[in-house]
Amino acid sequence: MGNVGIVVVAHSRRLAEGVAELGRQMGVGEVRVEPAGGDVDGGLGTSIELVEQAVRAADQGAGVVLLADIGSSVLTAKTFIEDAEGEVVFADAPLVEGVVAAASAACGGADLQAVASAATEAYGFRKGTSSG
Amino acid sequence: MDPVLDMAAWIRHAAELVAADADRLTRLDAEIGDGDHGHNLNRGFTAAVAALPDSGPPGKILMAAGRAIVSKTGGASGPLYGTALRRAGKALGDAETVDAAALGAALRAALEGVQELGQAAAGDKTMVDALIPAVAAYDAAASDGIAAATRATAEAAAKGAEETIPLQARKGRASYLGPRSIGHEDPGASSTALILRALAEVAAS
Chain A
22 MGNVGIVVVA HSRRLAEGVA ELGRQMGVGE VRVEPAGGDV DGGLGTSIEL VEQAVRAADQ
82 GAGVVLLADI GSSVLTAKTF IEDAEGEVVF ADAPLVEGVV AAASAACGGA DLQAVASAAT
142 EAYGFRKGTS SG
Chain B
1240 MDPVLDMAAW IRHAAELVAA DADRLTRLDA EIGDGDHGHN LNRGFTAAVA ALPDSGPPGK
1300 ILMAAGRAIV SKTGGASGPL YGTALRRAGK ALGDAETVDA AALGAALRAA LEGVQELGQA
1360 AAGDKTMVDA LIPAVAAYDA AASDGIAAAT RATAEAAAKG AEETIPLQAR KGRASYLGPR
1420 SIGHEDPGAS STALILRALA EVAAS
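Residue numbers (my numbering), protein chains in the order written: chain A, 22 to 153; chain B, 1240 to 1444.
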């Protein structure tokens, strides 16, 4: 059984691909991080079909964690999970930091819940106070 | 005895009303959202009509329509309306006909599905502000039969949609506008009222 896979659901194809690229780097080539960005025509939006394809591509038998950017991406990811067969969970997480945290955890062999938790805990990583 | 309520006719009529009002819904959405609601929903309901099975129990018809709406709508309204129809369909189960009590349970299941997915409460300026009074009005009138109850439902949904005008949005893109979201009808509440009007008109015919 391989590592937990990760799917990046975002409104823009390029946003999803860019975040997935960063995640793969953090997973040092041992974690499948797949993008599901934009609508089926390549425009801005979300598509449950693209989510389904990405989950299939990310699944190595240890389950898949979904992360989403905003609004309909979140709703589409959650709607997918309602019907999904197999181990697929949604992580309530910031997209970039969450994917980095999840890929790092998955690379170390963490299980599905631990990878999802690592993504959620990324909400706690501050970047300094707003006063600078 | 209620006449047989044809769920496929509801979806077809809802698609007609959405198509006729797509520009109005998109204009409402352009004021406080991202300006695509009417056209997204039109695409979703067009796909739902194409996905309607030729026959089968009413619950299965709603589930097929809901699946198509999730797949083809784009935007937040796809998962929300798709979930609403699928939960309603699931509540109806395999029953061959829909009585007043079953329709009430289906409407409540739809509301619960939307709230579970979208996490919106009353007063957040969303479709829930049309659905909550609509379901309550149905329950209050259910003993008068489906035609009367769905008429009360549609009226309550329209009133609920209108009452979103003075609200400040707490969900979606409109919530980033803060007080500037006040003074506009929520497009999701407006389309919910339209879809429930289609139900009442089909039930009355």
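Bear in mind the hints are in silico, worked out from the structure with no lab data behind them.
Heads up, some of the hints might be wrong.
[Claimed, not checked] Dumping the calculated DSS-like pairs for lysine-lysine here, alpha-carbon to alpha-carbon at most 30 Å:
hint	chain 1	residue 1	chain 2	residue 2
1	A	Lys99	B	Lys1299
2	A	Lys99	A	Lys148
3	B	Lys1398	B	Lys1329
4	B	Lys1329	A	Lys99
5	B	Lys1329	B	Lys1299
6	B	Lys1329	B	Lys1410
7	A	Lys148	B	Lys1410
8	B	Lys1398	A	Lys148
9	B	Lys1398	B	Lys1410
These are the hints, each one checked on the structure:
A C-alpha spacing of about 22 Å is found between lysine 99 of chain A and lysine 1299 of chain B, which places the hinted pair at or below 30 Å, so the restraint holds. For the suggested pair lysine 99 of chain A and lysine 148 of chain A, the alpha carbons sit about 29 Å apart, so the restraint of at most 30 Å is met. Restraint check: the Cα-Cα separation between lysine 1398 of chain B and lysine 1329 of chain B comes to about 28 Å, which is no more than 30 Å; the hinted pair holds. Restraint check: the Cα-Cα separation between lysine 1329 of chain B and lysine 99 of chain A comes to about 18 Å, which is no more than 30 Å; the hinted pair holds.
With a C-alpha separation of about 8 Å, the suggested pairing of lysine 1329 of chain B with lysine 1299 of chain B holds against the 30 Å cut-off. Distance check on the hinted pair: lysine 1329 of chain B and lysine 1410 of chain B sit about 27 Å apart at the alpha-carbon level, within 30 Å; holds. Taken as a hint, the lysine 148 of chain A and lysine 1410 of chain B pair is honoured in the structure, with Cα atoms around 26 Å apart against an allowance of 30 Å. Of the pairs offered as hints, the one joining lysine 1398 of chain B and lysine 148 of chain A is violated, with about 46 Å between alpha carbons and a cut-off of 30 Å exceeded.
Our distance criterion of 30 Å between C-alpha atoms is met by lysine 1398 of chain B and lysine 1410 of chain B, whose separation comes to about 20 Å.
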